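Given these sequences and hints, build the entire structure.
As they're listed, the protein sequences go chains A and B.
So the first sequence is numbered by my numbering: it starts at 1 and just counts up by one.
So the second sequence is numbered by my numbering: it starts at 1 and just counts up by one.
Keep in mind that the hints were calculated from the coordinates and are not lab data.
Each hint should be verified, as a subset may be incorrect.
Some residues of chain A that are not near chain B, with every Cβ distance over 10 Å (derived) [unchecked claim]:
{"#": "1", "residue": "K33"}
{"#": "2", "residue": "D35"}
{"#": "3", "residue": "G58"}
{"#": "4", "residue": "P72"}
{"#": "5", "residue": "V73"}
{"#": "6", "residue": "R82"}
{"#": "7", "residue": "Q86"}
{"#": "8", "residue": "L87"}
{"#": "9", "residue": "L88"}
{"#": "10", "residue": "E89"}
Sample of chain A residues lacking proximity to chain B, with all beta carbon distances greater than 12 Å (derived) [claimed, not checked]:
{"#": "11", "residue": "S34"}
{"#": "12", "residue": "E69"}
{"#": "13", "residue": "R71"}
For the chain A half of the interface with chain B, some residues (derived, Cβ under 7 Å), not all of them [to be verified]:
{"#": "14", "residue": "E7"}
{"#": "15", "residue": "G18"}
{"#": "16", "residue": "L20"}
{"#": "17", "residue": "Q21"}
{"#": "18", "residue": "T22"}
{"#": "19", "residue": "V26"}
{"#": "20", "residue": "V28"}
{"#": "21", "residue": "A42"}
{"#": "22", "residue": "E53"}
{"#": "23", "residue": "L54"}
As the structure is a computational prediction, the values presented were derived from the model and not from experiment.
Just so it is clear, CB atoms sit at the ideal spot from N, CA and C, and this is done for glycine as well.
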Amino acid sequence: MPGRRRETRFLMSPPWAGSLQTLQDVVVERVAKSDIWVLSSAPASRDEGMTLELPRPGGTVEMKVRVAESRPVVIDERVQHRVRLQLLETSEPDHGGGSGNGNVGN
Amino acid sequence: MRTRKQDSAKNSGNPTAALVAEASVNVVDISRGGCLLESSRAFEEGTIGTLELVVAGQTYLEDFKVARCTALSGRGSTYRVGLEFLRTRRSAATALRHAIAQLVALNTASSALPDHPPVTIRTDRRDVVGAPDTVWPAESVATVRVSVIPPPAGNG
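Have a look at this one:
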């Protein structure tokens, strides 16, 4: 079976607790006062809390968001997912020079 | 790691961003090349991210790619997720594979700390790590009991 690990495995008993962060590239379609619409290749679970990292001049704006809606759409003959994110909290860019709020694009 | 050239070209100037999700997981087994997790949420194959584990007070990190994700039958919304570690970080003290290397080393240095009662680790292959039924010092396995799973037969 391809993709199976061939190296020695250590079985955890009891299992180790951990956390993981996943990154998904998205395209920001629209920004309203408290909602952000993005296009993603993966669906999102409603009510899940996430962080949207948006590159801006002078740093990256981090926005705490919650998934309000996720719908599949066909764009350029590909199935994508239009996700509406509800803005909860915005942090300033790491290195100054940008605003944390407002319109992020076209 | 975050290449967005293709997306940028296809989306006519709309800004790209990264959507970061966090999830709590349980590590079922681990090797130098990857690990098997249980999670309450599913992950798409190919998803990349960072795994963080705290073992004996030390935080270990490793970047990964999701190799597979299957739902566990009869366990509600529980998923088994296979991760493949990416060699995107130097093998520093905080790298998870550094911790795994220590596990391997512990298995080979078996007879230290005679004051503690020994714990026996069963292995089925002599050529994996050390000898079968290697005796481990109890202090080495105070928080985690470890056994060795041989690779599945016939999978290379």
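Structure-based check of each hint:
Non-interface status of K33(A) relative to chain B is upheld: no Cβ of that chain comes within 10 Å, the nearest being about 18 Å off. With a least CB separation of 14 Å from chain B, D35(A) remains clear of the 10 Å interface cut-off, as annotated. The beta carbon of G58(A) sits about 15 Å from the closest Cβ of chain B, which is more than 10 Å, so the claim that it is off the interface holds. For P72(A), the condition that its CB be more than 10 Å from all CB atoms of chain B holds, with the nearest at approximately 14 Å.
For V73(A), the requirement that its beta carbon stay farther than 10 Å from each beta carbon of chain B is met, with the minimum near 13 Å. For R82(A), the non-interface assignment is confirmed: its Cβ lies about 12 Å from the closest Cβ of chain B, beyond the 10 Å cut-off. The Cβ of Q86(A) sits about 13 Å from the closest Cβ of chain B, beyond the 10 Å cut-off, so the non-interface label holds. Non-interface call for L87(A) relative to chain B: holds, since the shortest CB-CB distance, roughly 13 Å, exceeds 10 Å.
With a cut of 10 Å on Cβ distances, L88(A) stays outside the contact zone with chain B, its closest approach being about 14 Å. The claim that E89(A) is not at the interface with chain B holds, since no C-beta of that chain comes within 10 Å of its own (minimum 14 Å). Interface exclusion of S34(A) from chain B stands, the closest Cβ pair being 17 Å apart, more than 12 Å. Every CB of chain B lies more than 12 Å from the CB of E69(A), the least distance being 14 Å, so the non-interface label holds.
At roughly 16 Å, the least C-beta separation between R71(A) and chain B is larger than 12 Å, which holds for a residue marked as non-interface. Interface hint status for E7(A): upheld, as the beta-carbon distance to the closest one in chain B is roughly 4 Å, under 7 Å. Because the smallest distance between the Cβ of G18(A) and any Cβ of chain B comes to about 4 Å, under 7 Å, the interface hint for this residue holds. Below 7 Å, beta-carbon pairs count as interface contacts, and L20(A) has one with chain B at about 5 Å; its hint therefore holds.
Against a cut-off of 7 Å between C-beta atoms, the interface hint on Q21(A) holds, since the closest Cβ of chain B lies about 5 Å away. The restraint placing T22(A) at the interface with chain B holds, with a minimum CB-CB distance near 4 Å, inside the 7 Å limit. For V26(A), the shortest C-beta to C-beta distance to chain B is roughly 5 Å, which falls under 7 Å, so the interface hint holds. Because the beta carbon of V28(A) sits about 5 Å from the nearest beta carbon in chain B, less than 7 Å, this interface hint is met.
Of the supplied interface hints, the one on A42(A) holds, with its beta-carbon coming within about 5 Å of a beta-carbon of chain B, less than 7 Å. Checking E53(A) against chain B by beta carbon gives a least distance of about 4 Å; that is within 7 Å, so the hint holds. Hint status for L54(A): holds, given a least beta-carbon distance of 4 Å to chain B, under 7 Å.
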